[in-house]
Amino acid sequence: MTTKNITIKIKRQDAPDSKPYWQEFNVPFKDHSNIISCLQDIQRSPETSNGVSINPVVWECNCLEEVCGACTMVINGRVRQACTALVDKLSHPITLEPMSKFPVVRDLHVDRSRMFENLKKVKAWINIDGTHDIGEGPVLPENERAKRYVLSECMTCGCCLEACPQFSKDNNFLGAATFSQVRLFNAHPTGKYNQEERLEAVMGEGGIADCGNAQVCVEVCPKHIPLTESIAEIGGQTTLQIIKNLLFK
Amino acid sequence: MEKRPNSFVVIGGGLAGLACTMKLCEAKAKVTLVSYQAVKRSHSVCAQGGINAAINSKGEGDSPEIHFYDTVKGGDFLANQPLVRDMCYQAPAIIHLMDRLGVAFNRSPEGHLEFRRFGGTLYSRTAFAGATTGQQLLYALDEQVRRYEHDGQVTKLEWHEYLEAVIDHDGVCKGAVLHDLRTGEIFTVGGDAVVLATGGPSQVYGRSTGSTVCTGAAATSAYLQGAKYGNPEFIQIHPTAIPGHDKLRLMSESARGEGGRIWVPKKPGDSRPPREVPENERYYFLEENYPLFGNLVPRDVASREIYDVVFNKKMGIVGEPMVYLDLTHHPKEYLDNRLGGIIDIYEKFTGDDPRNVPMKIFPAVHYSMGGLWTDFKDDGHGLIDHQSPRNQMTSIPGLYAAGEADFQYHGANRLGANSLLSCIYTGLMMGPGLIQYAKNQKKVFENVEPQVFEKAAHKWKDRFSKIKSMQGSENPYDLHRELGDTMMENVLIVRDNTKLNKALSMIDDIETRSHDIRCLDTTHWANPTPSFINQLNCMIHLSRIIAMGALMRNEFRGAHYKPEFDLKQPSDFDPHEYVDYMEQKNYGEVPEESFPDGHLAYMKRFEANNERWLKTTIAHYDEGKPNISYEPVDTSIVPPRPRKYD
Chain A
1 MTTKNITIKI
11 KRQDAPDSKP
21 YWQEFNVPFK
31 DHSNIISCLQ
41 DIQRSPETSN
51 GVSINPVVWE
61 CNCLEEVCGA
71 CTMVINGRVR
81 QACTALVDKL
91 SHPITLEPMS
101 KFPVVRDLHV
111 DRSRMFENLK
121 KVKAWINIDG
131 THDIGEGPVL
141 PENERAKRYV
151 LSECMTCGCC
161 LEACPQFSKD
171 NNFLGAATFS
181 QVRLFNAHPT
191 GKYNQEERLE
201 AVMGEGGIAD
211 CGNAQVCVEV
221 CPKHIPLTES
231 IAEIGGQTTL
241 QIIKNLLFK
Chain B
1 MEKRPNSFVV
11 IGGGLAGLAC
21 TMKLCEAKAK
31 VTLVSYQAVK
41 RSHSVCAQGG
51 INAAINSKGE
61 GDSPEIHFYD
71 TVKGGDFLAN
81 QPLVRDMCYQ
91 APAIIHLMDR
101 LGVAFNRSPE
111 GHLEFRRFGG
121 TLYSRTAFAG
131 ATTGQQLLYA
141 LDEQVRRYEH
151 DGQVTKLEWH
161 EYLEAVIDHD
171 GVCKGAVLHD
181 LRTGEIFTVG
191 GDAVVLATGG
201 PSQVYGRSTG
211 STVCTGAAAT
221 SAYLQGAKYG
231 NPEFIQIHPT
241 AIPGHDKLRL
251 MSESARGEGG
261 RIWVPKKPGD
271 SRPPREVPEN
281 ERYYFLEENY
291 PLFGNLVPRD
301 VASREIYDVV
311 FNKKMGIVGE
321 PMVYLDLTHH
331 PKEYLDNRLG
341 GIIDIYEKFT
351 GDDPRNVPMK
361 IFPAVHYSMG
371 GLWTDFKDDG
381 HGLIDHQSPR
391 NQMTSIPGLY
401 AAGEADFQYH
411 GANRLGANSL
421 LSCIYTGLMM
431 GPGLIQYAKN
441 QKKVFENVEP
451 QVFEKAAHKW
461 KDRFSKIKSM
471 QGSENPYDLH
481 RELGDTMMEN
491 VLIVRDNTKL
501 NKALSMIDDI
511 ETRSHDIRCL
521 DTTHWANPTP
531 SFINQLNCMI
541 HLSRIIAMGA
551 LMRNEFRGAH
561 YKPEFDLKQP
571 SDFDPHEYVD
581 YMEQKNYGEV
591 PEESFPDGHL
601 AYMKRFEANN
611 ERWLKTTIAH
621 YDEGKPNISY
631 EPVDTSIVPP
641 RPRKYD
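Sequence order for the protein chains is A and B. Here the first sequence is numbered in full-length UniProt numbering, starting from 1 and rising by one per residue. Here the second sequence is numbered in full-length UniProt numbering, starting from 1 and rising by one per residue.
FYI, nobody ran anything at the bench for these hints, they're computed from the structure. It is possible that some hints are incorrect.
Below, a list of computed lysine-lysine pairs in the PhoX-like style, where the Cα atoms sit at most 25 Å apart [said to hold, decoys possible]: (1) K30(A) - K267(B); (2) K30(A) - K332(B); (3) K28(B) - K121(A); (4) K120(A) - K223(A); (5) K4(A) - K348(B); (6) K568(B) - K30(A); (7) K443(B) - K28(B); (8) K9(A) - K348(B); (9) K562(B) - K499(B); (10) K89(A) - K314(B).
The task is simple: from the sequences and hints, build the whole structure.
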């Protein structure tokens with residue numbers, strides 16, 4: 001095994017309203033190590049490259065298999081999951097920063113509750129009659145299922161919003177992840193019954209019309225969700241809804 | 001006067017916790033849902049394969065009764081049968097419900113649910129949503145709970161940790177002590193009952209297929225308060241995982257199914273790249289030792305053999321605990337076609353392309369069949385009385401457990417695609433009983449003396465301030481790794497009493513050293529270190545009962561393999577002989593010549609072993625010490641019989 005060191009620069013912040021600062025760390029390089037294993041190494045010997053003892057770095061992670069979405073951060077300037085960021089595939093020194101579009105909790109850990117609040121705004125769920133046994137669900141062709149499946153893999157990681165020029169800390173733009181969830185639920189035979197409510201929610205300020213069509217969301221999505229296609233589809237659905245509203249309301 | 005709504009505290013936002021919350025909300029209750037992180041990131045999200053239900057959509061003659069039989073047999077008859085049976089009977093309704101919630105299950109040509117075959121059964125019984133079934137099921141339940149949150153019935157406390165149950169003067173649980181992981185504030189919340197749906201304990205082994213949050217700390221905390229813990233020693237190992245410095249990632253068994261060959265260099269410590277090791281210097285140990293099955297030996301056999309090569313023969317790749325799983329003899333097109341998804345996962349996490357380089361794999365801790373002991377009430381007809389408040393209640397009244405945190409359903413080993421089912425099943429099934437419990441309780445939590453809550457909160461404020469003042473010499477994260485390594489080396493696949501004894505004294509040593517920890521971070525805001533030190537303490541206690549349970553159980557059952565106590569099943573034994581034997585026994589002495597040579601003696605050994613060991617291990621913490629005792633298993637529906645292991 002190789003025994004060289006690598007350098008990692010981490011942007012740290014002690015609390016939401018305190019000033020960020022940078023620290024540099026040396027960690028032993030091991031074959032196939034990823035950013036998470038480097039952060040774990042720092043936990044086990046929390047000192048900077050100058051030998052100063054520091055508080056261990058705080059970050060968020062759970063599954064480490066790129067399904068939970070927790071360990072998203074900005075690595076060498078690009079937003080992605082830390083668990084799939086392999087050290088030998090990155091340029092050095094490595095820089096780690098928290099996502100910039102969400103409030104920092106501490107160090108690399110940010111607060112993404114805005115994304116979950118957005119899901120409430122657009123009622124991203126299916127209104128069922130009850131959990132009791134009333135038999136089979138709706139019959140659905142496999143090709144439509146497959147289209148929904150791709151959308152249902154969204155892990156609310158926030159990459160698309162970090163990359164989006166329209167989404168900022170101080171506006172109320174809903175963003176690609178939310179629009180895509182509207183598409184997911186509108187495409188379900190039962191979910192469709194509440195399509196109008198969802199479309200009304202994305203028709204106002206911060207809604208679909210504010211999308212600048214920069215298309216970077218789709219480039220950074222780790223799950224390759226066709227986000228721009230979702231935006232176009234929801235754009236179309238809202239246009240129809242507007243016409244319906246003009247004619248019948 | 002408006003009726004007082006029932007109110008519950010559910011700890012854990014995985015499948016079990018969310019299903020339970022949804023069911024309670026439907027019954028008009030209020031729920032405080034507590035989660036260590038955003039619920040959508042719970043470990044249930046990781047499950048890939050699918051969820052079982054005997055819907056018999058392919059006319060194969062499958063039925064819930066057969067599903068039940070497969071499950072108890074797979075678990076070596078160690079599970080209480082009415083619960084398993086009820087779960088299997090509820091399974092079709094559960095799948096239909098999840099389908100109605102919008103889970104993108106794969107469909108048949110006619111647009112109905114598609115099913116596939118999974119390990120341990122002959123039927124197409126597994127519904128699946130691509131390769132991310134756990135994620136899809138979790139999201140569907142999360143969406144329903146968000147709906148109730150939107151309507152004001154659910155209060156979500158994410159980034160909060162459960163520390164302990166609040167227990168009143170009558171010994172009844174009336175709430176929970178919680179820790180706000182951002183502000184560091186410690187406070188209590190009251191409820192008619194508390195549900196622990198806090199997942200498995202895989203972090204006790206350090207690196208595993210489990211998520212980093214799966215420390216088992218919440219369940220251990222209940223154990224330390226006096227709740228019984230069932231079958232701690234039953235830990236399921238998956239034979240092929242991708243070793244990583246941060247965790248071990250699952251590599252589906254289909255890699256072996258498609259002709260993957262397992263080998264190590266014959267020369268221990270050989271550091272040549274794998275493709276430079278000539279064919280005659282490779283040790284294809286499964287092919288050599290099992291000429292008939294080769295690389296397709298069952299899960300447990302594969303795990304044991306890999307372990308033997310690495311730890312006893314010291315032949316792991318360059319001295320590391322790994323072996324090669326080689327697919328490079330297949331053409332690229334074949335691999336892309338048959339194993340594309342798996343190859344991508346390996347490449348994503350290691351940077352190596354398995355089309356060109358053999359994969360490095362090792363068995364990994366995957367699931368815990370054990371957990372908090374829970375009660376049940378059968379309906380007298382081999383199913384469960386769904387209205388009973390006893391269902392899923394721990395031995396502390398008012399404290400319930402569900403999902404991987406409880407010990408029921410899987411016995412000595414879990415069948416693939418049964419874990420998602422057991423999590424959703426327990427969450428839903430316990431709902432009506434919880435409501436009954438809330439209606440019947442003698443004293444509601446609002447009337448409990450406030451001092452009970454104050455005392456509980458004070459105890460934990462005190463404990464955390466003590467943790468923060470620890471200025472010793474041990475690093476808690478280092479100590480955790482040492483605990484994990486100890487468990488991996490001594491309490492994993494092949495269990496040996498000398499090594500288990502050694503592990504127990506090493507655990508004692510780690511515990512002693514844990515009093516000399518340095519709290520690396522003493523700040524107040526979003527500081528995970530004190531919390532981790534507390535979890536480490538729980539993991540030390542839990543590792544002790546896992547090792548003790550394993551040491552004391554002198555037999556070979558399911559995932560618990562002790563070669564010293566192998567019953568030596570004759571290779572030509574047919575499990576049906578045992579049914580004949582039991583029948584003949586009813587008519588008196590069974591003559592030796594009724595069965596082939598040695599078979600009767602084996603069956604008598606099997607019978608005697610069951611007499612002694614077909615029992616639930618109960619770990620009970622009393623006066624600062626773990627006590628191990630045994631409890632009978634309900635085998636009233638299917639009499640136990642030998643399994644055949646090849």
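Here is what the structure says about each hint:
For a cut-off of 25 Å, the pair hint linking K30(A) to K267(B) stands: about 23 Å separates their Cα positions. The hinted pair formed by K30(A) and K332(B) fails the criterion: a straight-line CA distance of about 29 Å is larger than 25 Å. For the hint linking K28(B) to K121(A), the alpha-carbon distance of about 23 Å falls within 25 Å, and the restraint holds. The straight-line distance between the Cα atoms of K120(A) and K223(A) is roughly 22 Å, inside the 25 Å bound, and the hint therefore holds.
Between the alpha carbons of K4(A) and K348(B) the distance comes to roughly 23 Å, so the proposed pair stays at or under 25 Å and holds. Taking the CA atoms of K568(B) and K30(A), the gap is near 44 Å; set against the 25 Å cutoff, the hint is violated. For the hint pairing K443(B) with K28(B), the CA-to-CA distance comes to about 20 Å; that is within 25 Å, so the pair holds. Using a Cα cut-off of 25 Å, the hinted pair K9(A) and K348(B) holds, with the two alpha carbons roughly 24 Å apart.
As the CA atoms of K562(B) and K499(B) are separated by approximately 11 Å, the hinted pair is consistent with the 25 Å bound. A threshold of 25 Å between alpha carbons decides the hint, and for K89(A) with K314(B) the separation of about 31 Å lies outside it, so the pair is violated.
Of the hints listed earlier, those the structure fails to meet are numbers 2, 6 and 10, in rising order.
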